[in-house]
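S.K.: Go by the hints and put chain E onto chain H.
Read top to bottom, the protein sequences are chains H and E.
Those letters in the first sequence? Residues 2 to 243, per my numbering, in order.
Those letters in the second sequence? Residues 3 to 295, per my numbering, in order.
There may be inaccurate statements among the hints.
[Claimed, not checked] Example chain E residues on the side facing chain H (calculated, C-beta under 8 Å, incomplete):
hint : residue
1    : Tyr47
2    : Ser52
3    : Lys79
4    : Phe80
5    : Asn120
6    : Leu129
7    : Ser132
8    : Ala275
Because the hints were derived from the structure by calculation, they are not lab data.
Positions of the beta carbon are idealized from the N, C-alpha and C atoms, including for glycine.
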Amino acid sequence: MPIPVLHVQHLVKRFGEFVAVNDISFDIRPGEILGLLGPNGAGKTTTIQMLLGVVTPTAGSIQMFGLDLAVHREEILQQVNFSSTYVAMPQALTVEENLWVIARLYGLSQTQERVDDIVKRLEMEEFRHKVTRKLSSGQSTRLGLAKAFLTEPKILFLDEPTASLDPDIAQKIRSFLKEERRSSGLSVLYSSHNMHEMEEMSDRIIFLQRGKIVAEGTAQEIVARFGQADLEEVFVKLAREK
Amino acid sequence: MDARSQERPTRFLLGEEALANQSGEGEKGTMKAHRIYALVTRYVYLYRRSLPRMMEIFYWPFLDLVIWGFITVYLMKFQGQIPGAVTFFLGALILWDILFRAQQGVTISFLEEIWARNLMNLFASPLKPSEFLAATMVMSILKVMAVSVVMVVCAGLFYSYNIFVLGLWLIPFVLNLVITGWIIGVLTTALIMRFGQEAEVLAWSMVFLFQPISCVFYPMEVLPGWLQVIAWANPAAHVFEGMRAVLNTSAEPVTHLGWATGLNLVLLGMAIALFHWMFELCRERGLLVRIGE
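Chain H on its own, in the form it takes in the complex (with noise of 0.2 Å):
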């Protein structure tokens, strides 16, 4: 078994009473594509967070390429990146100012080549020059995207990243991404409340309930285990339990 990219041990996260995370263990094996599905709540992006070093955990470990995200924070991260819905890139700045300004935070070379093929990719030419706050959703979801992939990341952490899509773009979207995958050998941790694209595009899925991982298998496995037609009927299930 190939070693994994990602190794999460024992992860908890308290705020103050509160258990948003309790004590999960995870991995993410090169290439893999591992969903993270739960409902609102259940603590998926307080664990993005910590992945990405911006929460500090109350206890367990998070290991990257072998090493531990408490003590080699910079060196991870430059192999990482996110894209989430949720977080919006500066407004005031066009398109291409954003990705300039990526591409120099995480030191990359041959920068203008490098806009250029994101943009031409992500089919972002005929807005590459407007300003961010001017961009419909979907283009503000590729912009999103087109950041995760400018630095050419081994992980990538993406939260909901076809919410508020129209299905047309959400599926160029998930081609893109398998064939990300294919080209490089990208990982991929996902979180959808999209259970047809969950199916898709995961590999492997793990389901979080109240900060704790209740189910984890392929999508298969995970319905059968429950007994139901499909993940949407598992999700409602789990999602009702007490």
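M.R.: Below, chain E without anything else, positioned relative to chain H:
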């Protein structure tokens, strides 16, 4: 979406091998110039097309100068009672504005990130808090340079005032005031980070807490004894006392500058340590990603 025509290597590097092969490699713990440059570029992009932001640099310092200039012209009628009124007031005003803009350069840069909800993008990248602070300090220097040019030129044109009457002492005075501005800026930023956007008013008000004990427009001796003790711990008070010593007696303000520099170094170190402590506290409490929500 266009698929990538050429495939990239899929081999993953682990541990030390990954460290050695990543871009931007270098000694651990050192600041990276490209990340500081990235942030400065971002702020320059912001200012380039924003009239309100440009006004902050040019309009307010200009108004300050006009108002205080007229007050000074009025006071000149009493030259006998207040010798060197023009030099004192306009010189003090320009130097105070340098401190104020240096503080604003640090704090407003942080507020820009809150307003843009960009802290998550920044601190989920390899950017270090120290690099962030360094970038805000570079911005502060750029702002101070712009404001100084505006004020010095306007003072010369409208009131025939030459700040360079302070001679070469002007250089250490300005440097010390910029550092004092950074101290207040870093302190304010740490408080805004900890207490959230409701505390953003501190960005404009905190510096005025230091103004009475900076003795900008009056000598230290007018303060009550107990306040003088506090004022002596303020590096800016030593600078303004030094300025008056040069203008009044042409004495060399070496002692004042020594105190100002020493206090600045100690207080800047403390302010940066406080910022780092607040940063870690905010990461622990999950506040860093919630500021501005």
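S.K.: Does each hint hold? Answer for all of them.
M.R.: Quick rundown of the hints versus the structure:
1. Interface hint status for Tyr47(E): upheld, as the beta-carbon distance to the closest one in chain H is roughly 5 Å, under 8 Å.
2. About 7 Å separates the beta-carbon of Ser52(E) from the nearest beta-carbon of chain H, less than 8 Å, and the hint is met.
3. For Lys79(E), the shortest C-beta to C-beta distance to chain H is roughly 48 Å, which exceeds 8 Å, and the interface hint is violated.
4. Violation of the interface hint for Phe80(E) is found here, the shortest Cβ-Cβ separation to chain H being roughly 48 Å, above the 8 Å cut-off.
5. Interface hint at Asn120(E): satisfied, since its Cβ lies 5 Å from the closest Cβ of chain H, which is below the 8 Å cut-off.
6. The closest approach between the C-beta of Leu129(E) and any C-beta of chain H is roughly 6 Å, which is under the 8 Å cut-off, so the hint is satisfied.
7. The criterion of a C-beta within 8 Å of any C-beta in chain H is not met by Ser132(E), whose closest approach is roughly 11 Å, and the hint is violated.
8. Interface restraint check for Ala275(E): the shortest CB-CB distance to chain H comes to about 18 Å, outside 8 Å, so the restraint is violated.
Figure legend: structure checked against the earlier numbered hints; hints not met, in rising order: 3, 4, 7, 8.
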